[in-house]
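Protein chains: 2
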Amino acid sequence: MRFSVIVHVMPRMGILDPQGKATEAGLHQLGFDRIEKVRIGKQIQFELEAESEQEATEKTEGACKKLLANLIMESYTFEIQALPKG
Amino acid sequence: MRFSVIVHVMPRMGILDPQGKATEAGLHQLGFDRIEKVRIGKQIQFELEAESEQEATEKTEGACKKLLANLIMESYTFEIQALPKG
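Line by line, the protein sequences give chains A and B. Okay, so the first sequence: first residue is 51 according to the working numbering, each after it adds one. Okay, so the second sequence: first residue is 51 according to the working numbering, each after it adds one.
Just chain A, same shape as in the assembly (with noise of 0.2 Å):
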């Protein structure tokens, strides 16, 4: 089966996030001065061949833990779908 799959990649919370300083300086100079708390992360989308869904849930979990996060400054979560056939 495959699988389409999307990992989101944030800063965890209480870690410093200077890209997320920088583009929220960017937006209030530019006038959008209401938006607050930017925080920049990852967004990792690829398709992915297993035999079930857990088997799927498994690789995209090892891949997050192996390369995709770094633990110690980040979280991730992930969706996975299931691709039609063909």
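Worth double-checking, as some hints may not be accurate.
Intra- or inter-copy, both count: the list cannot distinguish identical chains.
Unchecked claim - Derived BS3-like pairs (lysine-lysine); straight-line CA-CA distance at most 27 Å: (1) 116 x 135; (2) 92 x 71; (3) 135 x 87; (4) 71 x 135; (5) 115 x 92.
Worth flagging that the hints you see were computed from the coordinates, not collected in a lab. Keep in mind it's a predicted model, so treat the numbers as computed, not measured.
Got chain A sorted already, so can you dock chain B onto it with the hints?
Frame of chain A; chain B shown alone:
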């Protein structure tokens, strides 16, 4: 009213995504060889003060077009949710 916004910015289909390619190669080296079509974008979260959900949507559209996304190379989607008062 206060809103929580999540913006997803992804490289457009057909645009090269070197970060995605490098990540895919890294995953394959780690044994995740059934992961394909890796593409990497940004996820931007913020809070926004607005009179209505329509105003929040307009402000978010403006922020995406003016700063958060490069429309030549990237496309964006977003979700807006009203936050409880207090």
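Taking the hints in turn, this is what the structure says about them:
no. : hint      : in the structure
1   : 116 x 135 : neither (29 Å within a copy, 39 Å between copies)
2   : 92 x 71   : both (16 Å within a copy, 15 Å between copies)
3   : 135 x 87  : between (42 Å within a copy, 17 Å between copies)
4   : 71 x 135  : between (43 Å within a copy, 25 Å between copies)
5   : 115 x 92  : both (14 Å within a copy, 19 Å between copies)
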